[in-house]
Amino acid sequence: MMIKINDLIQDVAKEQGLSKVEMEKFVSLMIDVLNEGLQADRLVKVKGLGTFKVASVSARESINVNTGERIIIEGRDKISFTPEATLRDFVNRPFAQFETVTINEGVDIEALNSSETEVAPTEDSQEITNTADVQEIVGATKQEENVCMFAVENEDEVCDEIIEDDKPTDETSTVPNASADEECIMTADSNECNDEENSNVAVQYEVNSQSSQQSLKHIIILLSVLCLVLLCVCVGGFYYMFTQIDQRNQRIDYLMTKIIDSKKTSRVVKSQSIQYSDVKPSTDNASAAAVKQDGTNEGESQDRKVHTLGQKTPMPKPANHLQDTETQKSDAEKNDFSALNKRDVRVRTGAYRIVGVQTTIRVKKGQTLESLSRLYLGPDMECYVEVLNDCKAVKAGDLLKIPALKLKKSR
Amino acid sequence: MNNKEYISELALRSGYTQAEVQKMVTSVIESMMLAFDAGEDIVIPTFGTFEIKKRMERVVNNPSTGLKMLVPPKLILSFKPNASVKERLKNGRRQ
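From first to last, the protein sequence lines are chains A and B. Here full-length UniProt numbering is used: position 147 in the first sequence is 147, and no number is missing along the way. Here full-length UniProt numbering is used: position 58 in the second sequence is 58, and no number is missing along the way.
It cannot be assumed that every hint is accurate.
[To be verified] Partner residues are not named here, just some residues of chain B that face chain A (Cβ under 10 Å, in silico): (1) 2; (2) 14; (3) 20; (4) 43; (5) 44; (6) 54; (7) 81.
[Stated by the list, open to error] Straight-line C-alpha distance at most 20 Å; calculated SDA-like pairs for lysine to any residue: (8) B/53 / B/76; (9) A/47 / B/4; (10) B/86 / A/60; (11) B/80 / A/82; (12) A/20 / B/35; (13) A/45 / B/5; (14) A/4 / B/80; (15) A/47 / B/12; (16) B/53 / A/94; (17) A/25 / B/23.
The set of hints was computed from the structure by calculation and includes no laboratory data. Model, not experiment: these values are computed from the prediction. Even glycine gets a Cβ: it sits at the ideal position worked out from N, Cα and C.
In isolation and in its complexed conformation, chain B is listed as follows (with noise of 0.2 Å):
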């Protein structure tokens, strides 16, 4: 399901048109980021947790060239989903 069908799905099922659709959603990720800006993790109760987290320095090899390099320190956005939802995908499985 790519970002169009989405998009329309979601049109279908709220009422909106697919334009009006597309701009809340947008303006609803951009307040998720402002919200990552600020530092905080977001929970959407009925899907899971978005959250920041640190990557620390590390050193790794080339395999190739076999030469070292430091690779920075880095925030990465994460995203673990609530029970609820991995329940979900387990029932999903066995069926």
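Next up, chain A with everything else stripped away, as it sits in the complex (with noise of 0.2 Å):
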């Protein structure tokens, strides 16, 4: 039954026209070049055998069974041997003519009892609407998203934060929904179940005719439940959308009133230091320093001068325009690295989206942008690297950026 492989190649040395020692050798070899490939590595592939991978699996507590101790086993690794799909279907020869079928109901008595198959029917057709009706949903949060890409028309970049805040939200408030309709209505299904069981009326017919009319109206509630979500998300979307755009025209409207103001402040300087014309120059300059600054810097005498004579600047705006500098800042952050993400094609459309800077590093003789994209952030994320470092190629001796990165949140 059992054979030991180098029994077996006695053969193979022949037809190789090598020695049977040489053919030995030759095999340990062979294992010896699979071990370290399956440590190096921890995957190794074989022409005409298949594919051995090292999986590690992770620690996990069990119980002693003779003891009723809790135990801790430690994680470890295992070898993994999936054969190649010739092999298989070779091996699997004598049986290769059986294929897996499907049991028509009522086959397997013992498997199938009358409650299930009724409870079948049902509960695809609950699918299919349940699918159907999340169609619409995304159809609708669309059109939701191509009304607004009309009314925030100027600002694109507004108008896609919009969105993809927008989207997310929506889903996940519907899909829980969803879900938890399709529980109730589940729940109901085995609670009629239950009740059928238990009660166990003789008449088949009439439990028949039972579950269809009330399977009818599970649909009609679902039906309705769906479009009530619907509705409550396309009202949502709305006064998201709403409160959005009433923002932005309040942020615009203040900044109109601030250039204004600037521009009163700034001619009413001017009128002044002409009449103070011993200071002038130095007036002059400071003032231009101070309406650009807006306030934001106090301390220096002629500064305040120049507030105490341009007293129109409003009391209330100084610390509001402190935090609007603010966000302005941390969103020009945003946008340096938002333009870069748009760039580029592979950025663009790849699955990760650049955040930051994790690391600069010198590049070292022999080292390539690809080698080292591969070192830091694995295999095939070149172009990323390119992208923050806007290069194609590194010599030795350049400064890279390496990026973080952070998954793109899936639709």
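With the hints as a guide, bring the two chains together.
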């Protein structure tokens, strides 16, 4: 039954015109290379035989059957072997003519009882309606997006942000609801089944008609609930959109008023500075600086003078303005990377986006951009490094920024 | 490590050309297949055991359609690594 590999290779040795000893050496070398490859790469593919893989099993808790104590089984590596398709088919030749067949209803009486067979079709229809409705919802959200696009055509970036923000929330809001509905109905179904089983109503015809009526009712309820959900999503989406637009309008108004104010103040300062002709050049410069900084900086006496002269600058502004500049700053940083993300097709369509610089390294001799990106980010991630550094190749001694990547949200 | 790398590594160490090595490897595998055909298990002392096992027919549920399917019996080739290989893996993990 069991034979060793060395007994096998006599024929092979003859075929290859080698002595048995040589062949044995070769086979042992084969195995050695296989072993080392497994340790080094954790995966070895051999043509004609299959794939050997080292899979790691994480530690788990278990119970000692004899003592009842909890024990922890340590994680380990195990070798899995997947034969190649040809070898698999070759081994399975004796049973090759069999195919997987579906069992018709009512063939296997033990496995299928009557209640299960009755419930099964209703479940199917529910699933179908569900998928259809989900598609409808997706369509609706897309329409909303289109509306957004039309409404906020001027600022594409803002619009994009809205859409991105909008979409996940919509989906998350709908999906749990849908699943909850399903669960409700499923439980209802199971209750129904229990009732039927418990009561054991004799006439099956009645049961059938009942179940069909109830399934119809379920479908109607499901549809109405889904309609409601759809409505809620629509209303929520529009509300969100309007609030966003409103905020934007407010911001624009605020900026406009600020610009007007700054113009006024500068005009006032100029007229005043003509009067104080002895300090004219210095105050003029200072006033310009002050107008630029617009009250964020305090302290210098000249600045203060300008402030007292141009008292038209409203009091509550500075605080607001500070916040505004901060947000603008962070926006600018974000935009920096988002512009990077948008510039290259591979990054735009890739699974990750650049959110920052992870490290900066100096390229050593013999290292390429590809090898470095593989080292830091994994295979086929060169495009992110290329885009961040804006170069296609590197020389030894160059500084290379390695991007910090973030997985894009799955849609 | 794919087949190409495996063969080239083997050629490097054994001193044969890559074509020769590939031919020898396939012939070894073919002889193994003949042994499998005869219903024999193959023991490789420093690696493990290849054996043919029978999987019995079973009934499965298709989760998306709820249909029950009968999966036929089949013969599969399984590989069980040697204790020494397992030990080596364990050590490699610890390092």
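Which hint numbers does the structure go against, in order from smallest to largest? none
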